[in-house]
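S.K.: Each protein sequence line maps, in turn, to chains B and V. Residue numbers 1 to 326, in my numbering, belong to the letters of the first sequence in order. Residue numbers 1 to 329, in my numbering, belong to the letters of the second sequence in order.
Worth double-checking, as some hints may not be accurate.
[To be verified] Beta-carbon label-pair distances, calculated as ranges:
hint	chain 1	residue 1	chain 2	residue 2	range
1	B	N34	V	K92	24 to 32 Å
2	B	A251	V	D259	53 to 61 Å
3	B	G263	V	G198	52 to 60 Å
4	B	K36	V	T99	52 to 60 Å
5	B	D28	V	K284	51 to 59 Å
6	V	K187	B	E47	44 to 52 Å
7	B	R35	V	D55	30 to 38 Å
[Claimed, not checked] Just so you have them, the derived chain B footprint on chain V, three or more residues with Cβ under 8 Å:
hint	segment
8	287-301
9	305-319
Source of the hints: derived by calculation from the structure; they are not laboratory data. Where a beta carbon is used, it is the ideal one built from N, C-alpha and C, also for glycine.
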Amino acid sequence: MKHLLTCLLTALLPWVATAEPARPYVNDKKAPENRKDLDAIQQALTEVLASARNATVCIELGEGSGSGVIVSEDGLVLTAAHVASGVNKDLTVVLEDGRKLKAVSLGVVADKDAAMIRIIDKEKFPFVEIERHDTTRLGDWVFALGHSGGFDKERGSVVRLGRLVRTAENTIQSDCTLIGGDSGGPLFNLQGQLIGIHSRVGVWMGIDMHVPINVFLQNWDGLLKAEFIGEGPFVKKPEKGKGFLGLASEARKEGGLAVTKVGKDTPAEKADFRDGDVLLKLNGTELTTREQFQDLLKEMAEGDPLNFDVLRAGQPLTIKLKLGAR
Amino acid sequence: MHAKLLLPTLVLVLAAPARADQSLETAFRTTGPTVLAAFEAQRLVIQKSSAIIYDGRSEAICGVVISPDGFILTKASELKTIKKLAVTVDEKKYPEAKTVAIDEQWDVALLKIDASDLTPVTFAPTSAVPQGTWVVANGTTTRTHRRVLAGIISAKIREIPTAGGGALGIKLKPEAKDLEIDELQDKSGAKEAGLQKGDVIVAIDDKPVAKLEDLAAVLKDRKAGTTAKITYRRGEEEKTADVRLMARSEMSDEMNRNDAMSGAFSERRSGFPRILQHDILGAKSIVGGPLLDLEGRCIGMNIARANRAESFAIPVEDLKAIASRMLKN
């Protein structure tokens with residue numbers, strides 16, 4: 001019986017293999033030798049380019065901009081940690097057609113420059129397949145997409161062709177030329193599968209580095225759970241006790257804390273706290289004294305979610321915000 | 001132009017490999033000789049139909065040979081900076097070359113050398129090819145042998161608006177009653193044209209100007225890359241000079257991060273009505289040369305190396321129109 005099963009599996013293998021897009025033969029040549037080989041590269045690239053580009057996005061955060069790529073229909077985006085710049089950050093994703101969507105950063109792998117973000121708007125997004133079977137080899141022809149220098153609707157994202165020129169566990173290097181604004185953008189094999197995310201460039205031309213997709217796959221659950229994985233250098237972990245809310249309060253005899261002042265241009269003001277609001281609970285914990293409230297905040301860091309139960313003119317409401325930085 | 005900060009791609013030098021990294025030999029990289037050997041058919045076209053334009057003994061820019069009797073197209077703004085012009089086509093050197101015409105808008109110049117049996121490029125029927133299509137351009141060169149570089153069409157055909165309007169690059173003396181020059185920027189067209197501190201501007205393109213508002217009104221809609229005829233007074237003398245208007249960003253020495261990582265780029269890299277974009281990472285000196293498709297046909301002329309990731313070429317349709325306009329005059 002066991003023998004039979006093996007036979008069956010063997011018989012199935014070729015069929016399973018055809019489900020994966022075929023690896024172009026030209027990748028197994030040391031170099032293209034003739035017109036036919038060049039045409040094979042061009043044909044593979046032009047066939048997958050449109051769908052790869054549809055899933056490539058620009059990511060805007062404050063005054064900066066980077067790139068990313070959508071990897072699921074419901075809007076998960078992979079990018080570089082130095083683009084996401086932390087967990088729970090509010091970001092804007094710009095699609096190829098110029099549409100701007102709200103997004104929030106999930107987890108980061110701080111020492112390997114990997115990050116995941118989620119588009120908040122609900123719709124079916126174009127997305128790319130991830131290369132999951134470790135079929136990428138040194139010398140393979142690859143292409144990079146990204147919003148070089150920032151989003152430009154007239155231009156679109158910029159495609160560059162190159163070869164994989166160096167591979168290591170946590171970094172792959174291609175000769176697709178990257179520049180500022182490309183950070184976080186996708187690197188594809190000629191089958192249109194995602195194999196890496198643009199990270200950084202060398203001081204010489206022709207040195208362009210990417211985070212291999214395996215780093216994302218190995219940390220997938222933590223990224224989904226918005227975990228801060230690893231320590232720097234690509235993004236710094238916010239320190240506990242350095243968060244900033246921006247309101248003054250005092251304890252009430254009947255319980256809770258009454259807001260006495262909301263600072264200008266503070267996270268509290270942006271979340272629409274008002275003088276006289278009564279803070280009953282923070283993340284489920286009843287608030288009793290100013291000191292206890294401050295102790296709770298001291299255990300948190302910038303970007304941590306705050307969920308307040310509030311009483312305003314006798315009416316209960318909840319206010320959600322993220323702890324800011326001073 | 002957004003004054004947006006681009007998220008920096010961190011510039012790091014590769015650390016020594018800690019594990020058994022794999023590295024592709026240089027010859028097999030995209031710019032390596034083994035890969036480029038596959039483009040020998042296109043290289044032969046570059047050998048015969050591209051021109052190398054020298055300033056003295058150093059290669060300055062390239063050109064496109066468009067007629068057997070020696071008409072050559074090249075990049076005008078770079079040509080103007082050449083002091084000792086000489087041209088090489090294939091293996092032959094032509095010490096005499098004349099500038100016949102200049103199209104300021106497209107930054108194209110028409111050169112004429114004394115030749116009779118050159119092989120002109122064959123123009124491709126259209127520049128509307130899919131992105132991802134191979135293109136080939138001049139690479140490095142020896143006196144007799146041209147090499148090539150290859151890349152792909154990498155973005156949409158489009159206009160590259162002028163980065164800022166054209167400016168003279170001068171500061172006027174404050175509180176002066178006339179338009180007296182107080183300072184000239186080092187890289188400005190005004191300095192290039194020989195204007196000096198103390199000169200008083202009296203007319204632009206023969207329109208009298210007396211105060212700052214007049215000057216601003218005349219220059220308001222002028223594009224960078226165009227030329228303005230400046231009439232000025234120096235002492236008792238009245239003189240004129242053709243001053244190249246430049247974008248403020250072009251005159252500034254403050255490079256942004258992306259420029260800093262881009263090596264040498266073209267000084268004029270904006271203000272083109274239509275361009276084809278490709279990813280060939282050539283030297284700044286490949287501008288002016290032909291951009292070929294795999295059939296060896298000229299699909300455009302390289303007009304600017306914008307930065308390390310973006311190179312621009314004038315599409316073949318526009319190039320043909322520019323050439324025939326200039327040949328007619």
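S.K.: Against each hint, give a clear statement of whether it holds in the structure.
M.R.: Hint by hint, here is what the structure shows:
| no. | hint | result |
| --- | --- | --- |
| 1 | B:N34 - V:K92: 24 to 32 Å | holds (30 Å) |
| 2 | B:A251 - V:D259: 53 to 61 Å | holds (57 Å) |
| 3 | B:G263 - V:G198: 52 to 60 Å | holds (55 Å) |
| 4 | B:K36 - V:T99: 52 to 60 Å | violated (43 Å) |
| 5 | B:D28 - V:K284: 51 to 59 Å | violated (36 Å) |
| 6 | V:K187 - B:E47: 44 to 52 Å | holds (46 Å) |
| 7 | B:R35 - V:D55: 30 to 38 Å | holds (36 Å) |
| 8 | 287-301 | violated (count 1) |
| 9 | 305-319 | holds (count 4) |
Going down the numbered hints, you'll see the structure goes against 4, 5, 8, while the others check out.
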